[in-house]
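K.L.:
These are the residues of each chain, in order.
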Amino acid sequence: MSKQKKNSKLLEGSLVTGALKQSFVKLKPGVMLKNPVMFTVYIGTIIMLGVCIWIAGGETSQGSLAYNLIIFGVLFITVLFANFAEAIAEARGKAQADSLRKTREDTPAKKIFPVGEMYVNEMKIVPSAELRKGDYFLCEAGDMIPMDGEITKGIATIDESAITGESAPVIREAGGDKSSVTGGTKVLSDRIEVRVTTEPGESFLDKMIALVEGASRQKTPNEIALTILLASFTIIFLIVCVTLKPFADYANTPITIAAFVSLYVCLIPTTIGGLLSAIGIAGMDRALRANVITKSGKAVETAGDLDTLLLDKTGTITIGNRKATNFYPANGVEAATFTEACALSSLADQTPEGKSIIELAKLDRIKLNTSGAKFIEFTAETRSSGIDLTDGTRIRKGAFDSIRKMVEKDGNIFPNETAEKVTGISSNGGTPLVVSKNNIVLGVIELQDIIKPGIQERFERLRKMGVKTVMVTGDNPLTAKFIAEKAGVDDFIAEATPEDKMNYIKQEQQGGKLVAMMGDGTNDAPALAQADVGVAMNSGTAAAKEAGNMVDLDNDPTKLIEIVEIGKQLLMTRGTLTTFSIANDVAKYFAIVPALFITSIPALQALNIMQLHSPESAILSAVIFNALIIPMLIPLALKGVAYKPIGASALLRRNLLIYGLGGVIVPFIGIKLIDLVVALFI
Amino acid sequence: MNTELTGVVVTFLLTILLAYPLGKYIAKVFAGEKTITDFMNPFERFIYRISGINTSRGMNWKEFLTAMLAINSLWFIYAFFLLLTQGSLPLNPDGNTSMTPDLSFNTAISFLVNCNLQHYSGESGLTYLTQLFVITFLQFVSAATGIACAVALFNGLKHKTTDDLGNFWAIFVKSITRLLLPICIVIAILLAFNGSPASFDGKDTITSLQGDTVNVSRGPSAGMIAIKHLGTNGGGWFGVNSAHPLENPNYLTGMLELIAQVLIPMAMLFALGFYIKRKKLAYTIFGIMTVGMLFLVVPTIIWEMNGSSEIAKLGILQATGAMEGKEVRFGPAASGYWSIITTIISTGSVNSMHDSSMPLSGMMQMLGMLINAFYGGCGVGILNYYIYIIIAVFIGGLMVGRTPEFMGHKVEAREVKIAAMVTLLSAFLIKGGTALAAYYFVNHGDADWAVKPAAWLNNPANHGFSEMFYEFTSSNANNGSGFEGLGDNNIFWNVTTGFAMILGRFLPIIGPIAIAGMLAKKKYIPETAGTLKIDSLTFGILTFAIIIIITALSYFPPLVLGPIAEYLGM
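Sequences listed follow chains P and H, in order. Take the first sequence: its letter number 123 is residue 122 in numbering that gives the first Met the number 0, and every next letter is one higher. Take the second sequence: its letter number 470 is residue 469 in numbering that gives the first Met the number 0, and every next letter is one higher.
FYI, nobody ran anything at the bench for these hints, they're computed from the structure. The beta carbon of each residue, even a glycine, is placed where N, CA and C say it ideally should be. Some clues are possibly wrong.
As the list claims (entries may be wrong) - Simulated pairs of lysine-lysine, DSSO-like, Cα-Cα distance not exceeding 27 Å:
{"#": "1", "chain 1": "H", "residue 1": "Lys-416", "chain 2": "H", "residue 2": "Lys-27"}
{"#": "2", "chain 1": "H", "residue 1": "Lys-278", "chain 2": "P", "residue 2": "Lys-297"}
{"#": "3", "chain 1": "H", "residue 1": "Lys-27", "chain 2": "P", "residue 2": "Lys-505"}
Stated by the list, open to error - Simulated DEER-style distance windows between Cβ atoms:
{"#": "4", "chain 1": "H", "residue 1": "Asn-59", "chain 2": "P", "residue 2": "Val-241", "range": "34 to 40 Å"}
{"#": "5", "chain 1": "H", "residue 1": "Ala-449", "chain 2": "P", "residue 2": "Lys-33", "range": "48 to 54 Å"}
{"#": "6", "chain 1": "P", "residue 1": "Lys-643", "chain 2": "H", "residue 2": "Asn-40", "range": "37 to 43 Å"}
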């Protein structure tokens, strides 16, 4: 993606201050309750506050007031850190969405009243906020489009750079698949009439902002499952701590409340518990940064599971349209003559193919003598086009069999070597166009699809992720097969109709696969709705956008590939941080358990493998480490763990090594270092 | 290599050698293919007919569990009342008395759930009638229940999408007629030829060289000793279990009993591979379990052969290793191997006193039971391992960036919830029970029970703690071995361990079968390059790591206060 224009800095000053404030606001018990793991830490903090008050009131069995106050403070900070992680993720998403929203607020709109004060269809300028779904408005050159809508009349060039960052203007017109306009974009030329398609506050962008802000965010199924697992770990450690009391009584060891609470907080998975919602929000935010608006968090998650991608050939796999790549003159025909004939035949041809022939011929238009010539348009009947010059020369260009018919009708022979060339071109995925002059074959033009550079590598990458790619094209099966093989896609649908796409999706889904597709037309809408992830192009029709569960602001068909990676990153970040969090417990045990029992069972000094200074410093270091690791991992939670398409087993090995083994080792070092510092003060 | 170690290695290799073809055979039996035991067909059909069983009717996971639980409740009532009244029933040549209600509660559960925790001594606590028709009977049916439940899991894994886990009654009957009964007959005959008693006569009297008269208990024991191992039950005919010269007369019978107890758990793994046609998966699981076993066995044998530092301090030579509590005919290597095998397998029979093992060997025995899935009990070992797999699949699946799936089925919140609950349960039962015991010991030492809490423990401090912890660990794991030295025949231990056993048995069966049933019903998702390969070494290591981490994290404090502190204090 070329558009990394939006802030790539993770923690911006203004966001941090806002998030800090939010961390305190989120201390409301009702909000805390949503995260069971952190809620128990919250309760632990309150208990410690009670203990501090108790000690201040004269209790002596619980250690010094200062020590207890510090523990209380560290626990409180732990809770704040977790809140901060969520707040900063929200703030980033919001800032991103706000910058998009800003462009569309309070634009004056030229609303059309069917029955006005004086005329029918009277136009009046109103603030955009007053537009409702179904209203019509007018936009002329230089106007900002006030609201999402669909063009009902006219054609216009539009600058969408505010939304997509792409400076080249795009053309939007009524009644096609490119009839949709987005609020905040600017009309550069012409005049359009637009019907509003969304209520204020209900545009996709508004929905996305609400999701990011958390108001309407629901936990995804996967997040729920993980929360259950984390909650069960929490209960296991609650049992560990509660039963420790009678065990300690048996061993004649008094354990302070501070030690119990600290052990508990250290053991429960606070790291992942504190970062879990931030990870989810950051996933949606990353999608937004890729200029994709998701309608739910679940869609992003599902994207990571995709098995099959349906990709349009044109624009995704090949660059635009077919291009002329070669001229093959028939035997005895001069190359220059043939080239000139080719160019002449295409002068009137406004299709991209026709233009590419002239481009390839490299002839100066003016030099060709066409004054008084008659251009023959392409018709479905003749399946050829061409030119009749004033000297009576008739040049025709067309499909192989239509030209052959013409030639043979005149009693001329279709040369064998040209016929062979034609077959050769077809079987290489090209399209042959035969050119004749006065019904004598001059030669054949080869048109080829140009496969996007680098697309093979992307498909290879997808294959390693386990994602199957399917090319959708209107070409005949032979051509489709050739391009499919050349581009390295796994399958193709040739001569595809919208029904074909729909059937293919259904068939894949019956086999248990998750399918994604991208589309823009109204006829794509059913398939978009059927697909597990349907990405509608922003330029597409309102129906398409409504049917899909994501909207791509860039209208970039390769975006699907990015979306898959974002989904995978989201899941991986959760998995790796869970592993890290649990693995951390090993070191924390070795810090705290010897500290608890060392007075009554001196032999346990052997378990103090970190050689921590004293029982108090050991417990303090463990809780401090536990608190600090949360903000240290916020950047990772927001950025996501890097996804590498190296196959599932290799990926698992890699992540196990980094986050599993790393999770065991890092806290040993961290706690020891903190202890060295803490020991200076105790 | 010395002969003691050679004996252990040969025993282990022989087990694999026998388990492999047996696994193939088991897979064939339950797939309904032709086997050499098809002569049992008419007998089975007769049973089905008189019991009104329609074997062709499949069961979903709820029906399967309902059938299993219903028949188990019936057996419990039957066993409870027989034990309660045994003193006045026939076949009681030694005139033994009836059990107290709390003891019969504990004993009935203990044998029903394949645990075989014994708060009585076989010689004086049971009659021949109850030995045969309660104990031996339950040893057969509890083992068959375990096998049937494992086969239900297999059925869930075998088909892409299915509601049918098989017919409980049919699988159960076949487990006995095709597997337990034939093999038991062979083992019992071998044992009887080596000197295990098989008679209905009462106590015999011998006069020792010193001229003392000794009463020697006997009875129809050979068959019971065979099933107690083959069915991973472990409850001894005699009080000291397989350390008794009539229960385990020589090294050969020792090997036989060792092989018998590992045979079915190991064969079930191979059977899994053959049955669902994923041999690599079975081998991977077998490999991980074997590595886990070696992690426990190797240090234990080393510690036991090295002897005790405390005894060395007394200036006593320990050329043969730590012999306290061990039988000379087995020696420390075979005893160390047995002590680990019997704890990982959930047999719980002993050929040496675990109370006298080195402190860290004791910890290894406890770990074997806490994990309870390195081979594991008859049928249930795989079910326990399955729970660990589900958790590993969930975490591992996330780590490779996909919604976790196991063999083509998505693992979602419901399955995770069940797996988490099963894991939680053992932590709760073991530590909760031990905490309760410690609480009574400290605060209510003179409670008016058959054995006062203050007199429960034969040993002070850390070792005493281990005795309590071991008892609950053994109950929850349905192992049944004891650390001994614990005054356990009183209402507290009989009732608390009774509940620990019954919950520790049935919830870890219900959980995996429910998960298997739910997963099997889901849409099948074909494997892709992005799918986590569950038969890969990496995934095996992940599962192993999760087993170790979960166990270590849940039980670190009690292990520190028990065996580790004892070891460090030596």
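K.L.:
So, for every hint listed, does it hold in this structure?
P.N.:
Hint-by-hint comparison with the structure:
1. H:Lys-416 - H:Lys-27: Violated: Lys-416 of chain H and Lys-27 of chain H sit about 34 Å apart, past 27 Å.
2. H:Lys-278 - P:Lys-297: Not satisfied, since the Cα-Cα distance of roughly 36 Å exceeds 27 Å.
3. H:Lys-27 - P:Lys-505: violated (38 Å)
4. H:Asn-59 - P:Val-241: 34 to 40 Å: holds (38 Å)
5. H:Ala-449 - P:Lys-33: 48 to 54 Å: Since Ala-449 of chain H and Lys-33 of chain P have Cβ atoms about 51 Å apart, the given range 48 to 54 Å holds.
6. P:Lys-643 - H:Asn-40: 37 to 43 Å: With Cβ atoms ~57 Å apart, the hint is violated.
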